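Engineer: Residue numbers (the working numbering), protein chains in the order written: chain A, 1 to 327; chain B, 1001 to 1282; chain C, 2001 to 2337.
Read the hints as simulated data drawn from the structure, not as lab findings. This one's a predicted model, so the numbers in the text were calculated from it and none came from an experiment. Honestly, I wouldn't trust all of these hints.
Chain C side only, calculated, beta carbon under 7 Å to chain B, not exhaustive [what the hints assert, rightly or not]:
{"no.": "1", "residue": "C2038"}
{"no.": "2", "residue": "N2218"}
{"no.": "3", "residue": "H2222"}
{"no.": "4", "residue": "D2252"}
{"no.": "5", "residue": "L2254"}
{"no.": "6", "residue": "E2255"}
{"no.": "7", "residue": "F2257"}
{"no.": "8", "residue": "Y2300"}
{"no.": "9", "residue": "V2302"}
{"no.": "10", "residue": "F2305"}
Rough simulated footprint, nothing fancy, chain C against chain B, three-plus residues with beta-carbon under 8 Å [as the list claims (entries may be wrong)]:
{"no.": "11", "stretch": "1112 to 1124"}
{"no.": "12", "stretch": "1141 to 1147"}
{"no.": "13", "stretch": "1186 to 1195"}
Idealized CB from N, CA, C, for every residue including glycine.
Take a look at the letters that make up each chain.
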Amino acid sequence: MIDLDKLRNTAAETVSRDDVKHLVGWKKGTFGYRVAPCVIENAEEAESLVFSPLCAANLATYITLPEKLPVPKGEQPDDRKTALMVKGCDSRAVVQMLVEQGIDRDQVVIIGCSCQGVVDLQKVEEKFPEPLDTVEAEWKEDKIVFKLPDGEEEVARDEVLADNCLICRYPNPVIADVSLGSEVEPAKDGEDSSVKEIEDLSLDDRWEFWEKEFSNCIRCYSCRNVCPMCYCDDCVMDRLNPAWIYRSVNYSENTVFNLSRAFHLVGRCVDCGECERVCPMGLPLGKLNRKLAREVREKYEYEPGLDPEEKPFQASYRPDDQEDFIL
Amino acid sequence: MKNNGNPYIPHAATVEEAWNETYGDRCIRTFKVVFDDEEIRESWEHRPGQCAIIGILGVGESMISISSSPTEGKFLRFSVMRMGKVTKALHQLEPGDKMMVRGPYGNSFPVEEWKGKNILTIGGGIGQAPLRPIVEYVKANKDDYGDLTTIYGSRTSDDLCFRNEFENMMEDDSVSCHLSVDVEEQDWPHFVGFVPTLLMEVNPSPENRIAITCGPPIMIKFVLENLKKLGFEDEQIYTTLENRMKCGIGKCGRCNAGNLYVCKDGPVFNYATLKQVPEAFA
Amino acid sequence: MSEKILNKDKWSDFVSNVASSKQVWTMTGDDTVTFTPCAEAEEAPGKVLNATVPPKNVVFPQTETLFRFMFGQLEAELPEEAQEAVVLGLRPCDARAMNIVDDLFSWDEEDTYYQDKRQKTTLVGLACNEPGINCFCTSLEGSPASTEGLDVIMADLGEKYYLQAITDKGDKLLADVSGQLEDASDNDKKAFQELAEAAEGKIKRGIDASGIPEGLPNLWEHELWQKVSEACLGCGACTYLCPTCHCFDIQDELEGFKGRRCRMWDSCMYGEYTLHASGHNPRPTRRERTRNRINHKYNYYVEKFDKIACVGCGRCINQCPVNIDILNILSKVKEAL
């Protein structure tokens, strides 16, 4: 449980600091169940911040998203800090960025919020169709309460939580300058059973499953753009010279894109679930990433986004490695 | 290849001559090409200022200004700067090689409207390539126009395009030709300084004169300031814009600067029009 | 123009009948609904409000071969001509969108690929009985039963559909597949009109668009563009799902000795959309790109073709992962004006 007043006061204090440029948080959306990331620059705006089971957006991506424009002559670049509100998975994304030295620790002020899981809107809409008026929601022990226009509705948490939240092993931020909310117990079972279901299929059936999914991909690149770990200035998928993948949309190129992205995320993906949430075609991207994450956990005993001092998985080598090649 | 009204089908053209204007990393290479198909060669018409999309099958296409005037003959000249994937491939073409050409696209300099007026062109670096056709056109139609003044400069003498053509123009009494390089150089007999400064030196009168300028954005900015100082009205000033282009026919939607499609409403623009469109100066 | 009735239990036969001579596109899919060609359809449409991806795919495919070539040859091999197609069950907003985009694809040069498909496509629309929460077609000269751009309009009257031909093409279609159709009565027509009126009343969101096209140029440097674009991820979902968005890229592809030049959907919200080879980018940040997108739809397109390039389908609002809401942006624009 998070005390909203405390959250807003903390945010107001933080954004009023001289060394903080702005604070990225969540605010109520324009309709239904939506919550929008927002950038606030002064204490008054902090009143609009919220934290609820609807706050699915991973704000860590906003550290690296703003474009760096050339600074006009005579002016100094504005290198004040960015304050950030993070849930458990979001904080792991920040840690992973630190591990990779994609950002500096003193670039960010982290306000950690212990999270009991965010809802999957598709699951919620099956129960309660999205109304036009904005809806508030809150956690209540093992239930989620929705304040709909017609009245309050309660539903069991497990029925509406996002897939990755049901198996969340890190609901409390692993790094924070300020911690809000009481500690939350991790999920009892941290494994995605649907991954095992696909693994149990025959090779032909597995190809068929993924062929159907990847044929639906429209290569809008939403998954890549929302992912906090995809912050390369020059993404290899955009390169035309040489063209690693063609821009035309068909099963072959789509498969290369999605599998390449999954492999670029090996040992880096923090399972925040954003890719799956934003995909307009409903591709089960989380399954791909969780499968590879499990391999890394089991075979290399490595989990990304926990210790900023840790070395990056894909970029480190141990002399006592059993293999006789680097990888 | 006949295109049957399909605007995306390019035609094959043979490179008759090719030479480098400049050398180095972003070098400029000029191509003189002739269409393979006789019907297309004979029926091709373009006006000074228009562009064409040239490319190589399997690599891509690029929109390049046609830097030859239709008065020069049944060939096309393109001066291409080596920048990216397509231009790198084009730079490897030698006489006898083929390139694909489609066009002509865009509007042109309003040569009918300008009859009887004095013409002034101010170019910098590769910016002279879209200005060359109007210079050649006015020279070929001397009687229809007043006097012709060209001002052209680049960073060093090695970066000048059409060097020998300009040397000839300096000897030609009918053209008032002025060259400059940015910094002092051994054996450089002409002006030393930036093009906008040379413009003030030449001090052309705005009386019945059209000024056309093209070059790096920073040069254009100061040239425009100086033209205003000299008393030129917005309507007397023309420039050409460029943008990333793909289809060249106003369909793919990417070349617009504000509400102006560079491939259709341009590339030639009157400064009075551009002033209303902030994005044109981005 | 003929008016007919089709009983819902004859829907499957009707589709098969149409499919015997033309390619039929209908909404398919469980979780994500799109328009796909199908030879038969079990379920009658109307359950789902609208497909996630609009049917612009029918006349403007996501990836389309312009021509093929062999390495070293200079001959272009054009793709096969399009088939006759019928889109069954698209919503009036999507048909209006096609009408709007038509203007651009025939501006001066005809885009022969688009025109070929467009002329061979018959649009059979399904009027909306229950508009979605983010629909605002009525603010932009549309309506849940608008016939603009449609060849035939269908309305769900409960047990049966009412069909009305709007154009000669539509009339011909209804005559050709008359096997399952019966004549409509005056009551049926009345029921359609009542449904149409009722549906219009159910639209909750909207904007008064008057003054926006003229006023946008004055807001070029306004601070609202920074505010509304700060959450944007540049993901491009809004553009791909928008029925009036038509921007595309052209790329050459090689496979051994064979190659093709093809075009594919592109998005003005991507960073590399306007990136010059020199490295210069006239729209370097999301603020400029968002500003360009709104201006293109509500100002530039109006200046060129006298139509607002937005039909109020609401897909961009529904899909945006960070709740960037075009109605919100437009109301800020109106405030600033």
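Engineer: Which numbered hints turn out to be false for this structure?
Structural biologist: 1, 2, 3, 6, 7, 9, 10, 11, 12, 13
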